[in-house]
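Put the two chains together into one complex; each comes in its own frame, and the hints tell you how they fit.
Protein chains in written order, with full-length UniProt numbering: chain A, 1 to 265; chain B, 1 to 101.
Source of the hints: derived by calculation from the structure; they are not laboratory data.
Pair ranges (Cβ atoms, derived):
{"id": "1", "chain 1": "A", "residue 1": "Ser-77", "chain 2": "B", "residue 2": "Gly-58", "range": "34 to 40 Å"}
{"id": "2", "chain 1": "A", "residue 1": "Met-210", "chain 2": "B", "residue 2": "Ile-30", "range": "45 to 51 Å"}
{"id": "3", "chain 1": "A", "residue 1": "Met-210", "chain 2": "B", "residue 2": "Pro-82", "range": "44 to 50 Å"}
{"id": "4", "chain 1": "B", "residue 1": "Gly-31", "chain 2": "A", "residue 2": "Ser-120", "range": "49 to 55 Å"}
Non-contacting residues of chain A with respect to chain B, defined by C-beta distances greater than 12 Å in every case (computed):
{"id": "5", "residue": "Ala-113"}
{"id": "6", "residue": "Glu-215"}
{"id": "7", "residue": "His-217"}
Output of the computed footprint for chain A on chain B, the stretches with three or more beta carbons under 8 Å from beta carbons of chain A:
{"id": "8", "stretch": "35-42"}
{"id": "9", "stretch": "71-80"}
{"id": "10", "stretch": "88-97"}
Every residue, glycine too, gets a C-beta built ideally from N, C-alpha and C.
Listed below are the residues making up each chain.
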Amino acid sequence: MMQRPPRTEHGYPLLFFRLSRPLRRSVLRSFAFASTALLLTLLWGSLTNDVAPDSPAGYLLAIAGTVCMLLALFRYSIQRRTARRFAGMLNAALHSHVAFGFLALFLLFLHGAGNFNARSGTYALYSLLALILSGVVGRLLDRILPRLIAEEARTTLTPQGEDRQQELLAATSSRQAGQDYQPALQAPWDLASLPLNTPLHTDTRPLSKMAQLLELHTFQHAYRKELFYSYVIRYWRLFHSALGLLTLGLTIWHILYALHLLLLH
Amino acid sequence: MRKLLRMFAPPPAGLHKTVSHIAQEINACIGCNECLLACPALSEPITIDVLNHATVHGPITESVAHFARSCYQCGACVPPCPVGLHRDAMMLWLKIRLLQE
Numbered sequence: 001m002m003q004r005p006p007r008t009e010h011g012y013p014l015l016f017f018r019l020s021r022p023l024r025r026s027v028l029r030s031f032a033f034a035s036t037a038l039l040l041t042l043l044w045g046s047l048t049n050d051v052a053p054d055s056p057a058g059y060l061l062a063i064a065g066t067v068c069m070l071l072a073l074f075r076y077s078i079q080r081r082t083a084r085r086f087a088g089m090l091n092a093a094l095h096s097h098v099a100f101g102f103l104a105l106f107l108l109f110l111h112g113a114g115n116f117n118a119r120s121g122t123y124a125l126y127s128l129l130a131l132i133l134s135g136v137v138g139r140l141l142d143r144i145l146p147r148l149i150a151e152e153a154r155t156t157l158t159p160q161g162e163d164r165q166q167e168l169l170a171a172t173s174s175r176q177a178g179q180d181y182q183p184a185l186q187a188p189w190d191l192a193s194l195p196l197n198t199p200l201h202t203d204t205r206p207l208s209k210m211a212q213l214l215e216l217h218t219f220q221h222a223y224r225k226e227l228f229y230s231y232v233i234r235y236w237r238l239f240h241s242a243l244g245l246l247t248l249g250l251t252i253w254h255i256l257y258a259l260h261l262l263l264l265h
Numbered sequence: 001m002r003k004l005l006r007m008f009a010p011p012p013a014g015l016h017k018t019v020s021h022i023a024q025e026i027n028a029c030i031g032c033n034e035c036l037l038a039c040p041a042l043s044e045p046i047t048i049d050v051l052n053h054a055t056v057h058g059p060i061t062e063s064v065a066h067f068a069r070s071c072y073q074c075g076a077c078v079p080p081c082p083v084g085l086h087r088d089a090m091m092l093w094l095k096i097r098l099l100q101e
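Isolated chain B (complex conformation) (with noise of 0.2 Å):
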């Protein structure tokens, strides 16, 4: 019943956070792979440290373009992570890089 309530509950204030933020997330991040294992939007095997590595300032591969472009944040990522880290908003950012570069 809990669950069920909760898909009807509000989305966070806002999905984007500034890079200083996602550099601490990534920075925070232990590499489980847990987001990238609960995410229906990745299909081609990327490793988290790749994207890791991409996401704030390194070059964008063709494969991590394409799984930020696929990504439709529903979020999923969120819950499984065991640090509590937002990896929607860490993909958002990418999108941002995408569309300024």
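Excised from the complex, chain A in its bound form (with noise of 0.2 Å):
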């Protein structure tokens, strides 16, 4: 029996979405926590009509959430650090580190119920949010950049994939050498002894030249805008880290004061 050839896949599109297995697994876990927190809350509050941040149901949320950040915050970086036992771990790790930040961020919201009064719980609320909207914009950044990475190195390689700026020196100094020079065609005393077709200026260096410094300024112009999009890569992946960092410290300072008001009490 004759075996098929695999299928060539092509097309890079620039959002793409694909619901991969971890990701699905991840999103149905975290819709199914987030609504059971949700019903128990309304379920709590129809019961005691009492949901405020004080309340045992308010402490609740706030410790569930806290472990949720406490999750998305260290166990993906630790499991990045650890040793990996198979190829794919690290992709579930990475959607549980979003599932868990958008847990922790719902969680923490019921457990604010609307009271935005109290400064430090305010303050790591905001921190949070703007840590979760950062992550967002990261994987937005983490499909869109890449792409266009893409789209510049191949402008900046030949379509076998060689160096286009080597060629374009390459030619540059064949023409210096004088390789590819043809004479300017002299003009006759008498113009009219010409054919008509014969072009009076055959010397094509300066134009050629000309075309060689515009392809050498588009070739740089594509590095940069590469290296550019890497560095946005980078230093955004940084950003939201020390933003991570930030909402720690707002929490813990949250939570010392909430225990100083609780022990004062």
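In structure tokens:
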């Protein structure tokens, strides 16, 4: 029996989406967890009419939200640095990182229960919101920028995958060595003796040099853009990590403040 | 402290390499799979020989194409390589091939 050759994939859309198994799993789990927490809070609210941040339900939501936030902050970082058992494990950990982040925001929002007067808690919640937003933007950048990098890299390479700049420089140096040089046609004393289809200026050097310079300029521009995009990916990740540390600091401040109030009363 | 400072270090001069460089690197690959284990974008089980075969001139299968599109050039695959190869540059060439075809 003849073996069919594998189908060749092509195309690289700017915003592609594919629901992979780890993504589907983490979305379903976090949705189930969030809806359970919401139902329990509503049930508690209908029974006791007290869902304030300092009610038992509020404390439970605060603890669950903080645990989710800590898992989102540290679990993925630790897994990246420890031994990996199988390929795809880090992808699942990344999806859990995103899911725990969203869950933490949701649970802490429920913990706040519309009470945004306490200064330390509000700052911590806003910082968490900014952290989640920066993560979402980062994921979008992770989708868009690598494709733009590939486009710019394609500009800097020949269709065969060789360096276009090297080819241009080689062409320029051979031209400078006079290999392609054609002397200009000497104008005769009687212009009428020239056939009409004879070009008067056959020296193409200045024009082709200009074209080469333009190509070099395009190449350098593409190279700079490629670098810029890779800088954006790298430094956005640093910005996200710094926001994570800030959120952690503000949460610790809020917990200490809440403990201080609890111990005073 | 050194690790923290390394985070702020600028990225390498350019991500892309020529196809002849990439072919050389693929020939030097020992197939230890460390780069795939360190990759946070890989969601499907792909073996290193399938990826290496598809990278330069081989047919790009659906799972390899999906992996190439999901790769976000974070560079996590580079430090664990025991031979010092640049899998990120190889993935970039795969993306260029997807764009070209």
